[in-house]
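**Q** Protein chains in written order, with this note's numbering: chain A, 1 to 371; chain B, 1 to 284.
Just so you know, not all the hints are guaranteed correct.
[Said to hold, decoys possible] Derived coverage of chain B by chain A (criterion: at least 3 residues anywhere in the stretch with Cβ under 8 Å from a Cβ of chain A; other residues may be distant):
#1 63 to 75
#2 124 to 135
#3 199 to 208
#4 217 to 231
#5 259 to 265
Just so you know, these hints were derived from the structure itself, not from any lab. Using N, Cα and C, we set each Cβ at its ideal position, and we do this for glycine too.
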Amino acid sequence: MHNRRDRLIAVLMVLPSIVLLAIFVYGFIAITAQTSMTDSNAMQRLSRLPANFIGLQNYTDLFSGPLDTRFRVGIVNTVFFTAIFITVCLVLGMLLAVLLDQKIRGESVFRTIFLFPMALSFVVTGVVWKWLFNPNSGINYLPTVIGLPPAQFRWFISEDRILEFNWQDLPTILAVIALSAAAMFTLWFAVKRKSRPAIYGFVIVMILSFLIFSGATGSMNALPNPEQHGFNLALIAVVVAAGWQMCGYTMAMYLAGLRGVSEELREAARVDGASEFGVYRHVVFPLLAPITLSAIIILGHISLKIFDLVYVMGGGDNLRIDMPGLNMFFETFRGQNFGRGAAIAMVMLLLVAVVIVPYLVNSFRSEAKRS
Amino acid sequence: MTATAASVPARRPTNRLWSRILVYALLVFFSVLFLLPVYMVIVTSFKGTAEVNISTMWQFPQALSFDAWRTAYERLAPGLTNSFLLVVPATVISAVLGSLNGYVLSKWKFPGANIIFPLMLFGMFIPYQAILIPLVQFMSSVGLFNSLPGLILVHVVYGLPITTLIFRNYYAEVPDELLEAAAIDGAGFFGLYMKIVLPISLPGFVVVIIWQFTQIWNEFLFAVTVAQNTPMVTVALQNLSGSQIVQWNVQMAAAFLAAVPTLIVYVLLGRYFIRGLLAGSVKG
């Protein structure tokens, strides 16, 4: 239907957007990647000297330099925060959605209440919860309203840490996890499918494990001194605040999904003798699995790059709740270490890309199939 | 199986009643939990400075005081103005561009469009730290650093993926036959857009405008790096909260003021807000 002139106009209309994004996203990422391999800092900029190329030095420093503890604290915090935050949002979001799915009177009122924090800025959330988490008032004094003694947890300034491990052991820990996963996987294939390559694979994994643990464990410690990391309980405060804000999001996603499960399907299950719980367990929840995956990816990429909330709650000095996003900001805009800041940013980008790229590829592959 | 099936009807009414009560009890419980912070914000903001006392934190103010609101408004007013000046043009421009892009990418697919579109979308997921250093350099080299137009440009560019996505999914629902019929009558690219597509775009525009308005109003990272000297409302709030001398009642009133515009939009147009929210998870 479209003639050539109009086709050309169409392309010309999107071209500016494409060019802008090409520069502002991909071009700038390329520059950041380049900066991350230099020792670029404020002194060079001021004196107009070129920055020196130092290869991957910034990256090795971040993971094993004695002075870069802060980055490692941030990475460990991010991992714990992401895991707990996603779990809380999924469980609570699902619970709220199922409750709202029970043909509730005033459903829209409840929905509005659960979802309104999504309309707020993380900055507002941070300011409000900082007041609520004040250890000498706030949440801790809620029990006093009904005459109980105040709670003692110090929330985002808590010094407690559990699940401690030594950063030097991390390569070993990761190797153990990866090798056991590989061993289990190959063994499963070898036994269940009687697959020959799987048997060879299992043997190779075993030999590899033996080699690594017989001799090489000591040489993997790049960090000169032991360094303790773990789950800082102060992060619970951040999880509560972020969960309060984002639970409504998973609730909305699940509710949209629940509304897509037809009443006939549920009725059919009931006729077959399923209890109300059984209908959810065997019919509804399996249909919601793709939504859970989307939610994990969306929430995951938000929590991996979280910045505003911890900036407001921690102010940049509270390393108990520090995150790479915050670290990058202070390294770059306060410390003027552009090279180091760029390296942190690239690690963040990599973490997010690992989650997002397969998701995008998968979405558009299935779309291409449909059309 | 038959035995349990037979016994169910007899048990059902009381069982059902109890489960209904449980459902409502849980919903009320969670509602109270979600609204606790709001209660605290309002109660604290109406207390006088002398009354902001940790031991009586959860109690109602003894006398209504508007001092905190007055101070908060004075401190936040420039930020509120700046944010409005930012949010209106940035939202309008990115919505118009998104509509055009969505129109082309759904109805005028060109070779390679299916590869370019996901590449565009990637831009809305990246941690903006990964582009921040070159962005600040670029802004200062073109003289847009620390200026309102600079921040508008930033929000327009990084808003393009989501606005394009929402409109593309929205226009995909428009049947091609509708366009073909008008094309036979001689309408070209713009003719089809103005006559067929734009008149049915209102819901799409509402979703996109609400979404962009909320996002840009609430945004902090760009505001604090690209436009420090023209503080937006989020930066003004953080500055106020970060300084130790500002009283909690003022902070709570300020937090409320900063939240009011997006809350109004949410309460009035919540349905469209949720649509934008769900569109963010790519599959429309």
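**Q** Of the hints given before, which are not true for this structure?
**A** As far as the earlier hints go, 1 and 3 are violated by this structure, in ascending order.
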